Amino acid sequence: MSALNVYRFGPATGPAVLALHGVTGHGKRWEHLAANHLPDVRIIAPDLRGHGRSSALPPWTFEAVVDDLVELLVAETADPVTVVGHSFGGASALYLAQRRPDLVRRLVLLDPAIALEPDLVGGIAESLLAEPDYVSVARAREDKLASAWADVAPDILAAELTEHLVPTSQGRFAWRMSLPAITSYWGQLARPFVLPPRDLPTVLVQALKVQPPFVTPAFLAALTEHLGDRLTVHEWDSDHMIPQALPAETAALIRSVL
2 MSALNVYRFG PATGPAVLAL HGVTGHGKRW EHLAANHLPD VRIIAPDLRG
52 HGRSSALPPW TFEAVVDDLV ELLVAETADP VTVVGHSFGG ASALYLAQRR
102 PDLVRRLVLL DPAIALEPDL VGGIAESLLA EPDYVSVARA REDKLASAWA
152 DVAPDILAAE LTEHLVPTSQ GRFAWRMSLP AITSYWGQLA RPFVLPPRDL
202 PTVLVQALKV QPPFVTPAFL AALTEHLGDR LTVHEWDSDH MIPQALPAET
252 AALIRSVL
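Counting from 1 along the sequence shown, just add 1 to a position and that's the residue number in this note's numbering.
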């Protein structure tokens, strides 16, 4: 059986969009965007390995993530798909396009996180290990509002808490994810970047409020030189959670490439 739990939105047939969430996230994060802004688009949104309701078994590497996605795509559709990836999902999309270009029609990278500074991702992983859960749902909400979720609509944040926050055996609350897997994935984000095939149409959105930027100058320069006029870059006045903070704009961008 597949390692992935998969959410499917829109029609059951037709050209598909593979939507990949960020680290610590889940596939159902795409539900609001899909249902309210792209109801006529077929969207396949898995919980990536170690996230949500998918398998938490190792290995926890980009290669394992790609293996899972290849199995999913071969089972779901005979045609190449448009891949929309946010953050860690954007990095996963790049690895997928590099290893299996025959499965990818185009890329939409939403503030992709790849080749980040080791000190940055190491510090994030250590802080997660130090405080992996919350005393209450209210405390989890406060944590989100103090981070990149500050500009996300209240109803979308409420849906995130309902879906993704679960009680622990110690009477506290934690995100529905594997802590060992997530810790490993933060380390994966310090690996050198990979680039897609030169002929693959690619759209990249950089969130200008993210400092230091997840889209590093070195990656953006290499991608620009590599793809030339196959690359379109947008700079949005947003924090990191682009699909949740700007769902209408994100949906319009996705529709424009379809």
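Since the hints were derived computationally from the structure, they do not count as laboratory data.
Hints should not be assumed to be uniformly reliable.
FRET-style restraints, in silico, Cβ to Cβ [said to hold, decoys possible]:
id	residue 1	residue 2	range
1	Val136	Glu77	39 to 47 Å
2	Pro133	Pro59	15 to 23 Å
3	Val136	Asp200	34 to 42 Å
4	Glu118	His227	15 to 23 Å
5	Pro198	Leu146	24 to 32 Å
All values derive from a computational prediction rather than experimental measurement.
Every residue gets a Cβ at the ideal spot worked out from N, C-alpha and C, and that includes glycine.
Verification of the hints:
1. Val136 to Glu77: 39 to 47 Å: Hint holds: Cβ distance 40 Å, inside 39 to 47 Å.
2. Pro133 to Pro59: 15 to 23 Å: The hinted range 15 to 23 Å holds for Pro133 and Pro59, with Cβ atoms some 18 Å apart.
3. Val136 to Asp200: 34 to 42 Å: Because 52 Å falls outside the window, the suggested range is violated.
4. Glu118 to His227: 15 to 23 Å: With a Cβ separation near 22 Å, Glu118 and His227 satisfy 15 to 23 Å, so the hint holds.
5. Pro198 to Leu146: 24 to 32 Å: Violated - the Cβ-Cβ distance for Pro198 and Leu146, about 40 Å, lies outside 24 to 32 Å.
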